[in-house]
Structure formats: structure tokens, C-alpha cells
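Here's the letter readout for the chains.
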Amino acid sequence: MPVITYLEAIRQALFDEMAADERVFVMGEDIGAYGGAFKVTEGLLERFGAQRVIDSPISEAAIVGSAIGASYMGMRPVCEVQFIDFIASAFDMLTNYAATSRYRNGAAVPLVVRGPCGGGVSGGPFHSVNPESFFLNTPGLKMVEPSNAYDAKGLLKAAIRDDDPVLYFEHKFLYRRIKDEVPDEDYIVPIGKAAVRREGSDLSIITFGAMTHTALEAAKQLEQDGVQTEVLDLRSLAPLDKEAILASAAKTSRVILLHEATRTGGIGGELAAIIAEEAFEYLDAPLVRVASADAPVPYAPSLEAAFLPNVDKVVGAAKKLVAY
Amino acid sequence: MRDSPSDALSVDQLKEMFYFAVLARHVEERLVILFRQSKVVGGLYRSLGQEGESVATAYALDRTDAVLPLIRNMGALMTMGVRPLEIFRQYMAKGTGNSRGRDLNVHLVHMPAWIGGGPDAQEPVIVGPISMLGDSIPVAAGIAMGARMRGRSLVAMAWIGDGATSTGAFHEGLNFAAVQKVPLVVVAEDNKYAYSTPIAKQMAIAHIDERAAAYGIPHEMVDGNDMLAVYDVAKRMVDRARAGGGAALLGVDTMRMQGHAQHDDMRYVPKAMVEEWTARDPIVRFRRTLMDRGAASEKDLDEIDRLAKSYAAEEADLAAAEPAPDPADVTRGVYAGDEFMRPRVEFVPRPTAHSPQPKA
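First to last, the sequence lines map onto chains U and E. Counted from 1, the first sequence has number 70 at position 70 by the working numbering; the numbering is strictly sequential. Counted from 1, the second sequence has number 34 at position 34 by the working numbering; the numbering is strictly sequential.
None of these hints come from the bench; they were simulated from the model. Watch out, some of these pointers could steer you wrong.
[To be verified] With a cut-off of at most 20 Å between alpha-carbon atoms, the simulated SDA-like pairs for lysine to any residue come out as follows:
#1 E:K181 - U:D284
#2 U:K157 - E:A336
#3 U:K193 - U:R263
#4 E:K181 - U:P239
#5 E:K181 - U:D202
#6 E:K181 - U:K320
#7 E:K181 - U:D55
#8 U:K193 - E:G337
#9 U:K193 - E:A336
#10 U:K320 - U:G265
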């Protein structure tokens, strides 16, 4: 099976879906001749032409708003937000318009909004955020974030074929660092299904995206101390795979909720609530969140390192939890 | 002088325009009665004084085009053939309504069957507003672009009030439409007030159509209470858009003759202004135009008015008897997977001059 990068897997999904379905088109800033700020859409313009690879003005509300309109006409737009931080400029279009459309009048909005999220690259406050919790409280939206190339391709294909609006977060730290086996043949990774990346009996780390790799690295270190860590990669953030979350909590009775977005109001709180409400009797220790510090994302490498979760922070939290 | 598109309107078409305008007014007057009986859930927003421009702009479209009306475009909905029953159901939050009680008033949506691969019926696309009114403009641009991608000869028309032209979404949408040269006509209504805020606090330009100047698209101001003048400009813009000429903006000079909603007594509006605009009522003026042209007699027009009034009353009674939504359905239709919500409204055929609506 070919080994490709996370970024190439996203591009393959776009090529495949555009080739398979003439309703699919892409739109965003600098995505045509330039191929996108990270070159995700490189080659699409040559292959599919300017009618289906649309260079937009710097205008996120117009990108998402016009995508809503096009999706009403039966098209399947895939919008690129150059850095996912800029999705805030389309917040109204996504939350008030797209998310409510089906509930209000039954008008489906089958669009995808994708873009690079996450820190670790000294992007500073406006090129680094993880925005999932901004949208978690908005019924009608779906959200996914892959941690590897196989899921990157399969989740994007699933998102494009989905009949609801899907936010697809791609972690820029993983773009070229992560490579794995990705089939050429058509497949999808279903939205709403988590994946156990490592089995364990003493402790669960529930996480997603780039933090999946942090969790796996921490699990390796913990194993040297005899701690068997389970790592659950959520893959979908809305809807959450409650069954997998509760199963892992029930299995290990000790749970760390790990995410890269800031701590207060982050998705870890929702995960903790689900477990507390539905698996309370299985728990042997308090639920623990490991997340970024409650601050804007800082620029200097020393500050960003202090801000982000890392292997040491996870191992430290795990050791305390196991000793509880 | 070049020929005006309105010169080509037949007597039946002129009477039809009159019918749609008076029907819009009677539907709203019936809504006022229902409001006073506490049968309207929430606010009631009148388009009094704006029926003429709403009808005359929409009348420039085909019934297979797309409309994105606002609360003060009841006339456009009537012109596109929406059955008044659908409006009453919406205002009374009935479970039978287009939004099944989930959303308000003219927030209704219709998607023709061709979009999903079904038959090509003579139905318009209708996308009612959300309360962030400026959002309609980028969505309208996308409808026009998406329909073009599907190979349809569809023109989108979106109405926007002076207040909503101050939003970012309006400007982003208009710029996008201009750059993409999509077949979109935006009708920007200067109706003098956005809630209580006069237009002078909304924009520093002299005329609302100048909003479009920055985007390099044609724009023109018209007397919004002169239905044929409005039709003439709208028809030229629609024809141009359909021929591939791109987006345009029609500025409409009119007046909102009631408060923002029924609770608002509009005491911030000078009395003289109300009197001045009352004398310019678009329906009264159109009546005179039709009689001056010899297109209809006073008796003909009285008869159309009477039929529209009784039709509105019948439709209101039908809707009033319908059930409220079932609370058990509160979370249905948030996501795909059940067929609970359907973006469809009922249409009525075009009226003939002497029997505006066929009896069921």
C-alpha cells in the first residue's frame, strides 16, 4: 500500500471526490494557481479548471455564505479557510445560517469547511487556534479532525458525501510529519466513530488530532513504569462516539481528557460530563483534563512550549492519576 | 426614449400586478386581526407602503427564478405564487407550516424538485431570511453561482433594507457576486428607517444604490412607489443578468408606513413625513395608472380587491384551525437521516383577471 503524508491524503480525497462527483467544487483564498498556502490544493486547478477551483476574495463570510447558496442548488462545496483561525469571520454564517437551515425549513447544507488548525509551529495568536469548542454548542454542525493520513483521506471523503455541514480540522503540525499507508481504492472513515489506537487496562487517554501522537508517546513512557495506557482517538468531535468513550472509561476506570485547545470551556469538559453522567460508577479516580493554558496562543517558542500540552505533562498527570 | 419593458405588459398582466399588491396588503391586514386576537405568535411586521416595489421587482422574474425576500416583501411572495395559507401557518407557528413552528413569519424555504434530480416543475427557489438580514446576500450570490454550475438559466433576486446594507455580509456578498459575475439582482430598499434609526445614521452617501459603486456593478435609483417605474428597471437588470451580464443593484426610494413591528408606534417619525408618503401610496397610484391607461375600470379593480380580501380571510381561517407542532418532535430534523422537514411550500396558479383564485 502506498505511504503518503497527511497533507497528500487530504489532497487525494479532494481529487477523488471531484473526479467522482461533478457537484463537488472547492473555493477559498489562493487555492487555484498558487495551490493554497500549504499547497493542499496544488494541481486541482489544472485538473478541474477555474469553474470548480474558485479563488475567492479574502472574504470568509462570502466564501461560506455563497457555499451555503450553492449547496442549496445541489452542489457540494468544499471551502478552504486558509488558517482555521479565520473561521471566526464566518462564524455567523456557520452557526446562525448553515447549522440551523435543516432544522428551520428542511433545506440541507451539504458543505465542508476545512482548514489548518493547531499550534507547535510558532504561528502566534492568529495562525494556531483549535476552534472546536466554539462550535460544539451548535446543534446542526458536524466536526472531524484526523490524526493520521488514512483517516485524513477517509474522513474528508465522508465529510464531502455527508448531507450536513461538516467542519474538517486538519492539524498543520501533522501535514508533512505524519505518513502512513493509504489505499488508492475508495473508502471512507465514518463520521461519529472513534478509534482505539492502543489498548490498555490501567488508564485511558481520550484525545484527537496531533495530541493522539503525544498520547501514544506518553503511553510508551508509562509502559516502562508498568502502566498500561489506552489511547482513544475521537476522530469525530460532533457527533461524539459516546459508546467508545464510555467503553474505555468503564474498562480502565481512570481517564485523562487531552486536547490542544485551551482548558476552560474546552471539549474536555463535555467529555468529562458524559463520563460523569453515564459511567460514574466505573470511575476509581477523578477525571483529569490536560489542555493548553488559558491564554491566547503565544508566538515565542519558549512561551508556546509552556502553553501547549506535551508528553511530559501527560506522563505527569497520568502518574498522579494512577497513584490516586 | 427607448421602449420601456412595462409597455409590453398586457392588460391581464397589469391587473395581475395589482392583484398581487392588494393580496399582500389584505394578507397583512388579516394578520393584524389575528395578531389582535393573540393568534399570531411573536411579532408582526408590516410591509405597508412597500407592496408596490415588492411586486414590481418580483414580477420581472420568471416563476423558476430564485427569490430571497425579507419581512417587508410579502408582495414578492404573492407574486411568486406562494399560497397565502403558508404565510398564515408561519405567523401562527402551526405544525403544518413550512418550518413546522421552528421559525417565524416569512422565514420559509422552497427548493424545487430539479435540485435533487426530480422533475422540472414551474417552481421558484425561495429562501426566506434569517434575522441576520445581510446574510441573504452572500447566500443569494451562491444560489446564482450554484444554479449556473448546474446549467440553469436562473436569476436570483435578493431584497435588503437600508439597515442591513451596513452589515459586513452585505458588502462581502455583493463584492463576491460582482467578482464572480453571477446573475443576481439586489433590491436595496431605502424605506427611511431601520427600526428607529434614520437612514442618515446608516450611511453617508446620498442614495442607497451608491452602495454598489465600490463593486463595479450597475446600480440605479427608482421611485419605489411607482410600480411600473420599478418594473422597468428591475426587468432590465434581470434580463441583463440572465444574458450573462452579472450582478446589479436596484435602489428603491420608499417608506415603511408602520413601525418596525406592531409594538412600535413609530413616534420617532415626523408626522409630515407620514402624510407626504401616505399621499404616495403605491397601490392607490397604480390604481390610477391602470384607469388612466384604460387597462381597468374602477369596478374591475374594486372586484379584484374584494376577491383578494375574501381569499385572504378564507386562508387565514383554514390556517387558524390547524394544529400546533407536537412537542415530541423538538429535536427531529437537526441532522440528515429522517424526512421530517421538507423545504417545500404550496403554490397557487397565476390568477386570471376575473377569477383571481380557483376554488379548491
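Against the structure, the hints:
no., hint, in the structure
1, E:K181 - U:D284, "violated (63 Å)"
2, U:K157 - E:A336, "holds (17 Å)"
3, U:K193 - U:R263, "violated (24 Å)"
4, E:K181 - U:P239, "violated (38 Å)"
5, E:K181 - U:D202, "violated (61 Å)"
6, E:K181 - U:K320, "violated (62 Å)"
7, E:K181 - U:D55, "holds (14 Å)"
8, U:K193 - E:G337, "holds (17 Å)"
9, U:K193 - E:A336, "holds (17 Å)"
10, U:K320 - U:G265, "violated (23 Å)"
Comparing the model with each earlier hint shows violations of hints 1, 3, 4, 5, 6, 10; every other hint is respected.
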